Amino acid sequence: MELSAILLQVLNGLDKGSAYALIALGLTLIFGTLGVVNFAHGALFMIGAFCSVTLQRLLSISTVTLDETKTDFLGNPAKITTPYVETWFGPEVGSAIIDWSVPLAILFAIPIMLFIGFAMERGLIKHFYKRPHADQILVTFGLAIVLQEVIKYFFGANQIPAPAPDAFIGSFDFGELIGMGAGTLMYPYWRIVYFLFALIIIAAVFCFLQFTTFGMVVRAGMADRETVGLLGINIDKRFTIMFGIAAAVAGLAGVMYTPINPPNYTIGMDFLVISFVVVVVGGMGSLGGAVLAGFILGILESFASMRQVIELIPGINQVVIYLAAIVILLARPRGLLGRKGVMES
Amino acid sequence: MFGLSRGDAVLWLFVLLLVLAAPILLNPFPESSALAQFNAGYPDLMQRFLIFGIFAVGFNILFGLTGYLSFGHAAFLGAGSYAGVWMLKLLTINVLPAIIISTLVAGLFSLLIGYISLRRSGIYFSILTLAFAQMSFALAASVLTPITGGETGLQTALNDPRIFDAANTTGNIPAPSLFGMTMGDSHQVAVGDWLWTFNVGYYLCAFVMMIAFYIAIRIFRSPFGMMLKAIKSNNERLSYTGINPRPYTLAAFVISGMYAGLAGGLMVAMDPLAGAERMQWTASGEVVLMTILGGVGTLIGPVFGAGLIKYFENIFSKINESLLQTWFSFLPDGVSDFVVTVIYPFVGKGWHLTLGLVFMLVVIFLPGGLVGGINGLYKRIFNKSNQAN
Amino acid sequence: MSIEKNLDKLQLSRRTVLKAGAAGMAAGAAPMIIPSTAHAHMNEPTGSSVTLGFNVPQSGPYADEGADELRAYELAVEHLNGGGDGGMMGTFSSKALQGDGILGRKVEYVTGDTQTKPDAARASARSMIEKDGAVMITGGSSSGVAVAVQALCQEAGIIFMAGLTHSNDTTGKDKKANGFRHFFNSYMSGAALAPILAANYGTDRTAYHLTADYNWGYTTEEAVRTSTEAIGWKTAAAVKTPLSQTDFSSYIAPVQASGADVLVLNHYGANMVNSLTSAVQFGLRNAQANGKNFEIVVPLYSRLMAKGAGENVKGIFGSTNWHWSLSDEGSKAFVKSFGTKYGFPPSQAAHTCYVQTLLYADACQRAGSHNPCAVAEALEGFEFDGLGNGPTLYRAEDHQCFKDVLVVKGKENPDNEFDLLEIVEVTPAAQVTYDASIFGGDLGTCNAG
Numbered sequence: 001m002e003l004s005a006i007l008l009q010v011l012n013g014l015d016k017g018s019a020y021a022l023i024a025l026g027l028t029l030i031f032g033t034l035g036v037v038n039f040a041h042g043a044l045f046m047i048g049a050f051c052s053v054t055l056q057r058l059l060s061i062s063t064v065t066l067d068e069t070k071t072d073f074l075g076n077p078a079k080i081t082t083p084y085v086e087t088w089f090g091p092e093v094g095s096a097i098i099d100w101s102v103p104l105a106i107l108f109a110i111p112i113m114l115f116i117g118f119a120m121e122r123g124l125i126k127h128f129y130k131r132p133h134a135d136q137i138l139v140t141f142g143l144a145i146v147l148q149e150v151i152k153y154f155f156g157a158n159q160i161p162a163p164a165p166d167a168f169i170g171s172f173d174f175g176e177l178i179g180m181g182a183g184t185l186m187y188p189y190w191r192i193v194y195f196l197f198a199l200i201i202i203a204a205v206f207c208f209l210q211f212t213t214f215g216m217v218v219r220a221g222m223a224d225r226e227t228v229g230l231l232g233i234n235i236d237k238r239f240t241i242m243f244g245i246a247a248a249v250a251g252l253a254g255v256m257y258t259p260i261n262p263p264n265y266t267i268g269m270d271f272l273v274i275s276f277v278v279v280v281v282g283g284m285g286s287l288g289g290a291v292l293a294g295f296i297l298g299i300l301e302s303f304a305s306m307r308q309v310i311e312l313i314p315g316i317n318q319v320v321i322y323l324a325a326i327v328i329l330l331a332r333p334r335g336l337l338g339r340k341g342v343m344e345s
Numbered sequence: 001m002f003g004l005s006r007g008d009a010v011l012w013l014f015v016l017l018l019v020l021a022a023p024i025l026l027n028p029f030p031e032s033s034a035l036a037q038f039n040a041g042y043p044d045l046m047q048r049f050l051i052f053g054i055f056a057v058g059f060n061i062l063f064g065l066t067g068y069l070s071f072g073h074a075a076f077l078g079a080g081s082y083a084g085v086w087m088l089k090l091l092t093i094n095v096l097p098a099i100i101i102s103t104l105v106a107g108l109f110s111l112l113i114g115y116i117s118l119r120r121s122g123i124y125f126s127i128l129t130l131a132f133a134q135m136s137f138a139l140a141a142s143v144l145t146p147i148t149g150g151e152t153g154l155q156t157a158l159n160d161p162r163i164f165d166a167a168n169t170t171g172n173i174p175a176p177s178l179f180g181m182t183m184g185d186s187h188q189v190a191v192g193d194w195l196w197t198f199n200v201g202y203y204l205c206a207f208v209m210m211i212a213f214y215i216a217i218r219i220f221r222s223p224f225g226m227m228l229k230a231i232k233s234n235n236e237r238l239s240y241t242g243i244n245p246r247p248y249t250l251a252a253f254v255i256s257g258m259y260a261g262l263a264g265g266l267m268v269a270m271d272p273l274a275g276a277e278r279m280q281w282t283a284s285g286e287v288v289l290m291t292i293l294g295g296v297g298t299l300i301g302p303v304f305g306a307g308l309i310k311y312f313e314n315i316f317s318k319i320n321e322s323l324l325q326t327w328f329s330f331l332p333d334g335v336s337d338f339v340v341t342v343i344y345p346f347v348g349k350g351w352h353l354t355l356g357l358v359f360m361l362v363v364i365f366l367p368g369g370l371v372g373g374i375n376g377l378y379k380r381i382f383n384k385s386n387q388a389n
Numbered sequence: 001m002s003i004e005k006n007l008d009k010l011q012l013s014r015r016t017v018l019k020a021g022a023a024g025m026a027a028g029a030a031p032m033i034i035p036s037t038a039h040a041h042m043n044e045p046t047g048s049s050v051t052l053g054f055n056v057p058q059s060g061p062y063a064d065e066g067a068d069e070l071r072a073y074e075l076a077v078e079h080l081n082g083g084g085d086g087g088m089m090g091t092f093s094s095k096a097l098q099g100d101g102i103l104g105r106k107v108e109y110v111t112g113d114t115q116t117k118p119d120a121a122r123a124s125a126r127s128m129i130e131k132d133g134a135v136m137i138t139g140g141s142s143s144g145v146a147v148a149v150q151a152l153c154q155e156a157g158i159i160f161m162a163g164l165t166h167s168n169d170t171t172g173k174d175k176k177a178n179g180f181r182h183f184f185n186s187y188m189s190g191a192a193l194a195p196i197l198a199a200n201y202g203t204d205r206t207a208y209h210l211t212a213d214y215n216w217g218y219t220t221e222e223a224v225r226t227s228t229e230a231i232g233w234k235t236a237a238a239v240k241t242p243l244s245q246t247d248f249s250s251y252i253a254p255v256q257a258s259g260a261d262v263l264v265l266n267h268y269g270a271n272m273v274n275s276l277t278s279a280v281q282f283g284l285r286n287a288q289a290n291g292k293n294f295e296i297v298v299p300l301y302s303r304l305m306a307k308g309a310g311e312n313v314k315g316i317f318g319s320t321n322w323h324w325s326l327s328d329e330g331s332k333a334f335v336k337s338f339g340t341k342y343g344f345p346p347s348q349a350a351h352t353c354y355v356q357t358l359l360y361a362d363a364c365q366r367a368g369s370h371n372p373c374a375v376a377e378a379l380e381g382f383e384f385d386g387l388g389n390g391p392t393l394y395r396a397e398d399h400q401c402f403k404d405v406l407v408v409k410g411k412e413n414p415d416n417e418f419d420l421l422e423i424v425e426v427t428p429a430a431q432v433t434y435d436a437s438i439f440g441g442d443l444g445t446c447n448a449g
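Chains as they are written, first to last, in the working numbering: chain P, 1 to 345; chain D, 1 to 389; chain A, 1 to 449.
Bound conformation, chain P alone:
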């Protein structure tokens, strides 16, 4: 097997892993630290993805004029649509704005996701901190279904393309960069962007928790909520903010994911199971573990999908993530970097 083929799968693994890590990061903030089993986390990812779609739709709101020279499928005069942004900013700037709708959706999604996170925590999750995990599962699963169905009601069930800006079409030549020869190791720009974006977000969350007073209090609250409360610190408010941040991380992961796969309303559920596996394999209560597990499982999945591997072990690409999870959990009782006593009983 050639080195370039292996390196290519490493890149694929890092790319898949960054999606897993981002979703798991948000989930573990809520799940591993606030102790809430949040089955609605996938739905938050999905809503993020639909922030892209919504912004694209908003920017494409158009004036409609009839063109008598053309006909539509029924033989009536065809409708010609001109987006308002093109009327306002001129056709070139206008179409560039629409073209950049996915990156722009980051700005659009942050306040929306924070708001959804705050509202969810204040309105619902807050009342479930002391309830059994069973109740948390039921209420968040119910919420996930409701959020999905709302999106389905407005956007339908079909996938909706939300492509990356034209500037990101094409591939970066790693082969040339590392001296393996031009064209031997090409990787699409947008996927590299996604990887870098994930690294930035992960770093930002870590720094926030590690180096700010706020983060310190939250970490203390995770370890021993009661004592922190007795010290007169309002831990509730901080937990609300943490929930908002977790929602925003999930949402941004979704926004940036849309050019990779066109989203539909079930995209969150597709990621839900895998993100739970990633969090638990990483170890409960460990942010670093979740990120590490995300990348490890991403890379394993990529290697398992190589033709040569499948020929060796048929069906391995179907089960590799679960197999890896079982092996890791049997070898390490609390996953990769788990803390003792979190969600063990």
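Please keep in mind that the hints were generated in silico from the structure rather than gathered at the bench.
Incorrect hints may appear among the rest.
[As the list claims (entries may be wrong)] Covered stretches of chain A, as calculated for chain P (at least 3 residues, CB under 8 Å): (1) 240-252; (2) 276-288; (3) 302-315; (4) 338-352.
[As the list claims (entries may be wrong)] A few chain A residues that face chain P, going by a derived Cβ cut-off under 7 Å, partial list only: (5) Pro61; (6) Ala63; (7) Asp64; (8) Ala237; (9) Val273; (10) Asn416; (11) Phe418.
[As the list claims (entries may be wrong)] One-sided excerpt, in silico: chain P residues whose CB lies under 7 Å from chain A: (12) Asn12; (13) Asp72; (14) Phe73; (15) Leu74; (16) Gly156; (17) Pro188; (18) Asn261; (19) Pro262; (20) Thr266; (21) Asp270; (22) Ser302.
This one's a predicted model, so the numbers in the text were calculated from it and none came from an experiment.
Using N, Cα and C, we set each Cβ at its ideal position, and we do this for glycine too.
Please arrange chains D and A on chain P, whose structure you already have, making use of the hints.
Using the frame of chain P, we list chains D and A on its own:
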């Protein structure tokens, strides 16, 4: 009665009465009324109520008593189903061997998975069971296609061996039966504007369900059940007393796996097809939801939880727009259009939305699920009136 | 009869058996046991209406396709009952349908959600048969569901008119006497595509297959492989991808270095949208290999998928059962009546479902009965025209329709949002016809319940 306390015997008899009379109770609306759409007294759905009831009652023996949350129980239902269809194909179209073998195969399968998964507890246990079930699903749907029929599912066929049966001459695949009684046979009785369907398969399910329920009660009340509850309330302290809890949890795991297999066997006895998606995590999640919705650790709760979910899936999904329009056609035009527009997102293709809302409302207003919550409410009201006295 | 009147007013389909029993009820209120042998066949309609069961995906990723199927069914029912502009009833070569329902009975319908799961689909179909007295079940958007529901209908003694199902199995190894399919299949896709691929891309090509790891994927890969290898193509590799896969990057990335110059995506639905998006992202559409342009082929196309994949479909070949831009009289009539009612052109799924409903109604009319055995006899070997696919035969041996197959290509410069595919070739039926015995299976005998 039969070793049950008075209270338990009353509960068992109450359930027996409900199950026997279900074809009548579930068809409360006259056939010609618009509300007949909400009748659930037809064989397929009634069978499903009981089969998923068995599944959930068994799941509750593990989750409700020991607190171990398995997220892979659908794998045992699936394994039981496949074993059942294979028995119908290889041995005989008589459902008895299929149901027995299903239960045993699921028991063995759960012994294997339980033995490994129970090395961990809490969320780590849940994810192990989930991983095993997802692997079973993925393999059944793809590389195991020769054994499982893949995504299309495993079915009976005309040229199956059926070594105990006489050669088939009709040109049609024989329907599953129990010593000559075909599962699909029904007697219909019309009284006034009501129509009741008494189905052979349903009463076989009812018979099995009542036995399964009886065993569950006995397990809940036995010293073994007490031990399981002790594991739930304080695993660590139990270990200090020198008792190793593992064999007990494993036994509970295998028993609940066998309940799942029994449900799978009954499912194929009623309808001889086993599909891979029966093993998917969504199916495992469904039985978790059924149990929580009905009431974790209550005897009858899971059955109601199962019934509620299956009711929404089968009844609400069939209400379409034109049906709504005929229902509300008595209203003035504008008003009826408005009412239909408001209701339509919640029924038909929107039935999931209503189900999601029901989940949330139940857990918010009835902590402890349907049975737990209603018990709680009852007690609160009762205590208040006591205090008033 | 007050009940009878009530029923008509409410336009509700209730169990027909009760309508028959209503007379007895008026005389005395004693319970009446209705023996199951009282009818000539399962759910025999005895009142003034007949109930059809439309079983389509309403939740899950195929819900939009299911919604389009349902629109087509509602339109077909309207036309059968004499409403609307009659659609393809006017162009249909058989003139047995009068616009007064089926055999004089008003057509009513019930709907259900298959969830694209065999279990749920069968539960839904059983409720239609047991609760609503449906005499025919139709619909669905996957072969797994079609095969499962077809077997159920065979067992129950009901006619099954398949919706969108493309696997060879439906009328191959899993065929049933009570089941009928109008849609084309994997074999026909392969047979129709191969000559076009040879003409456009040459005969010296090496293909790399990505195949969805389930029954439909297997039959499609096999069909396309066989037919392209017959024109001289080589197959570099065939890799199976999990049905639940969402990101295909790790499958797509190695393709370019594999020595292949064509990528065949044996994927449908979300699989196809995602794998094609990845393939284009990795630059395969503009790549060069073996001194030729790299090409991508999608054996089974649908407009809804093309819409999901957006710009990525441009210039990519595939096959389809029917397309709204066809200019024969039947297609034009159908597009007009569907488009006028709903505001957009119908999908191929909608077309096949509409046609199946009409064919069923026509067969009942010609047979003079709803009895599945009589209906099956009327459909077997039936030749017709005017339903959008040219002259068509419902072959008796396997209950599969044989008609022209469309080879299409993603359009480079669409005129409107529906104009995503252009027809490259209409492959004549003779070219895609095969021997009925090659896929094995056994129809059995018809079952009337």
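Results for each hint:
| no. | hint | in the structure |
| --- | --- | --- |
| 1 | 240-252 | holds (count 9) |
| 2 | 276-288 | holds (count 5) |
| 3 | 302-315 | holds (count 7) |
| 4 | 338-352 | holds (count 4) |
| 5 | Pro61 | holds (6 Å) |
| 6 | Ala63 | holds (3 Å) |
| 7 | Asp64 | holds (4 Å) |
| 8 | Ala237 | holds (5 Å) |
| 9 | Val273 | holds (5 Å) |
| 10 | Asn416 | holds (6 Å) |
| 11 | Phe418 | holds (6 Å) |
| 12 | Asn12 | holds (4 Å) |
| 13 | Asp72 | holds (6 Å) |
| 14 | Phe73 | holds (5 Å) |
| 15 | Leu74 | holds (5 Å) |
| 16 | Gly156 | holds (5 Å) |
| 17 | Pro188 | holds (5 Å) |
| 18 | Asn261 | holds (5 Å) |
| 19 | Pro262 | holds (5 Å) |
| 20 | Thr266 | holds (6 Å) |
| 21 | Asp270 | holds (5 Å) |
| 22 | Ser302 | holds (4 Å) |
The structure shown violates none of the earlier numbered hints.
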